[in-house]
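Visitor: Sequence:
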Amino acid sequence: MMRTHRAGELRRDHAGATVAVCGWVATRRDHGGVVFLDVRDAAGVVQVVVDPEAPGAEVAHRVRSEFVVRVEGEVRPRPEGTVNEELPTGEVEVAAQRLEVLSEAEAPPIPIGGRQEADELLRYRYRYLDLRGDRLQRNLRQRAVVNRVLRRVMDGHGFVEVETPMLIASMPEGARDFVVPSRLQPGSFYALPQSPQLFKQLLMVGGFDRYYQIARCLRDEDPRSDRQFEFMQFDIEMSFVDGEDVMAVVTEAAVTAAEEATGELPGAVERITWHDAMERYGTDKPDLRFGLELVDLGEVFAATEFRAFQAPAVKGIRVPGEGGVARARLDALIERAKQLGAAGLVWMRVGEAGALDSPVAKFLSEAEQLGLVDALGAGSGDLLLLVAGERAIANRVLGTLRLDLARPPVDEGGLRFVWVVEFPLFEGLDDEGRPIPAHHPFTMPHPDDLELLASGQGEELLAARSQSYDLVLNGWELGSGSVRIHRADMQQQVFTALGITPEDAQVRFGFLLDAFRYGAPPHAGFAIGVDRFAAVLAGEENIREVVAFPKTQSGADPLTGAPTPLDPAQLKELGLQVVKRPEAKKPKS
RNA sequence: GGUCCGGUGGUGCAGUCUGGUCAGCACGCCGCCCUGUCAAGGCGGAGGUCGCGGGUUCAAGUCCCGUCCGGACCGCCA
3 MMRTHRAGEL RRDHAGATVA VCGWVATRRD HGGVVFLDVR DAAGVVQVVV DPEAPGAEVA
63 HRVRSEFVVR VEGEVRPRPE GTVNEELPTG EVEVAAQRLE VLSEAEAPPI PIGGRQEADE
123 LLRYRYRYLD LRGDRLQRNL RQRAVVNRVL RRVMDGHGFV EVETPMLIAS MPEGARDFVV
183 PSRLQPGSFY ALPQSPQLFK QLLMVGGFDR YYQIARCLRD EDPRSDRQFE FMQFDIEMSF
243 VDGEDVMAVV TEAAVTAAEE ATGELPGAVE RITWHDAMER YGTDKPDLRF GLELVDLGEV
303 FAATEFRAFQ APAVKGIRVP GEGGVARARL DALIERAKQL GAAGLVWMRV GEAGALDSPV
363 AKFLSEAEQL GLVDALGAGS GDLLLLVAGE RAIANRVLGT LRLDLARPPV DEGGLRFVWV
423 VEFPLFEGLD DEGRPIPAHH PFTMPHPDDL ELLASGQGEE LLAARSQSYD LVLNGWELGS
483 GSVRIHRADM QQQVFTALGI TPEDAQVRFG FLLDAFRYGA PPHAGFAIGV DRFAAVLAGE
543 ENIREVVAFP KTQSGADPLT GAPTPLDPAQ LKELGLQVVK RPEAKKPKS
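According to our numbering, the residues represented by the first sequence are 3 to 591, in order.
Since the hints were made in silico from the structure, they are not lab data.
Some hints could be false.
To be verified - List of simulated lysine to aspartate or glutamate pairs, DMTMM-like, C-alpha gap at most 20 Å:
no.: 1; residue 1: LYS364; residue 2: GLU354
no.: 2; residue 1: LYS287; residue 2: GLU542
no.: 3; residue 1: LYS553; residue 2: GLU122
no.: 4; residue 1: LYS553; residue 2: ASP222
no.: 5; residue 1: LYS553; residue 2: ASP224
no.: 6; residue 1: LYS553; residue 2: ASP228
no.: 7; residue 1: LYS553; residue 2: GLU543
no.: 8; residue 1: LYS287; residue 2: ASP376
no.: 9; residue 1: LYS287; residue 2: GLU301
no.: 10; residue 1: LYS287; residue 2: ASP406
Build the full structure now, drawing on both the sequences and the hints.
Guide: Structure below.
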């Protein structure tokens, strides 16, 4: 037998057992006589002792870091005073009776599992070494727990896992497609799916009333710390339900996965309307782990003589205990606010008895000063930050400052889920005054806004809400979903509002509209970005830390060298001709 | 497409502003010593086109221009 146990799972209970373990040499401590080897495998690390007279002694002196070894020996409790509290296996050690080198290793180009952080380029180029370290071992295993729990919960609710194609037609709208040339039909291309969105709706028409899939999605947009070209979506769709049903099952799946993956019970899952999220947190993905809520000061300054506050909105936040902050810091905050689009930023330091220390205090009446302190709940030693201007700008600026000033690190402050509901149907107007859909154009309008949608024009339409919902965790947008339109008349109404003619619609979404003509059930769905979810649960700020083989910000894979030029013969077969080719990159060796 | 930060032995960094013993530290690696360490310890050693190209200068890791790569962000991500 190659091995009887995993190295990292040996405990006091194993004492006395003769075992065989295999793994990598994490460290070697050679005392000249006795040699200690820390042997690492998938379960962790255990100390192997090779006594001078033991059969493997010669081998032990020769072994080097990252050699793959097999050790046979007796598990024994460590002698008095040599227990290692830091290690789960620290109460025992394996006394080697046989030591074999299964594979030699060159000195690794990056440190493995150490405290020294290597350059990210090198970590990706030698990902197979980086993967041996604690961090990625833990993160990827935890991610697997998330996948497993999501599947288990969905299976328990009678959902059917259905796979959808990777080679599909390019859809207009949305992100840039990755495309794949067709060999059989030169000049034509497949697109890789940005999401299974339209297929899952077809599955509803096809009578699968509860679908889910953990699906790979691809979007050709610049990668970021929370975004790769390819990513996984936990995707669901349900028939004969409303949004509440969807939110309920997604909540159960997400909370259960979070709890089992981290061993930590998430806080209560809250709910907030998009409008309230913007007003209270200045963002549609509020981080509820901390306060500093935005306060509307419009009433306080309704009749103010201070010109800067004669604005559509005056809002403020109270930063507790920061009243002593340095002037330079305040100047930096003002600069930041201006970069974010504010006309300016008013700061106030609250002194004893509520006295306000601020460049603008002298322009404010006593009633305004009192009202301000009262509205913000300010006390001695606090710092107050106020922004006046357009409501959306004031909210955005203060929402950003709120994060700058008080957002906890990603791995602190617990897990705070929040549903953000009733997103606007449209996110703005394009150059020709047509509304731009905030979600995809099949999102069901809010029932109370149907009239508005039918009669509204231009700007008025921006107030129309949709039956959509986002799930947010600690300020990260995990995913979004909506109730879909399933009736032709309403779909036509939305298309009209969007300026899409029936002919356009037929060209762009014809197959879905066709399907809907044959009896479409009311349906609704959701999708969670698994990478982001796993990153937050792992306490990582970068999703590359939960992706086994990630790409860099320029879309390269330093391990395989992708992307690469194509062989001329391949191009010919595909009927492709490269018109302008950038300088050929150096091969990665 | 843009802004910002970074690129110095295998790795992580200092040195760049103020050009001239500035090629230095730690880890790793190699050798020797060492029987209870756990980031073992001691002694010794090898190892660097300072990302690349051009320019300024008597002299460039250091200043200027360009370029490549990595990262953060903006644009983009229905």
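Visitor: Decide, hint by hint, whether the structure agrees.
Guide: Going down the list of hints, with the structure as the test:
1. LYS364 / GLU354: holds (17 Å)
2. LYS287 / GLU542: holds (18 Å)
3. LYS553 / GLU122: At roughly 10 Å apart (the allowed maximum being 20 Å), GLU122 and LYS553 satisfy the hint.
4. LYS553 / ASP222: holds (12 Å)
5. LYS553 / ASP224: With a Cα-Cα distance of about 11 Å, the restraint between LYS553 and ASP224 holds, given a limit of 20 Å.
6. LYS553 / ASP228: holds (12 Å)
7. LYS553 / GLU543: holds (16 Å)
8. LYS287 / ASP376: violated (28 Å)
9. LYS287 / GLU301: violated (27 Å)
10. LYS287 / ASP406: holds (15 Å)
Hint compliance for this structure: hints 8 and 9 are broken, all remaining hints hold.
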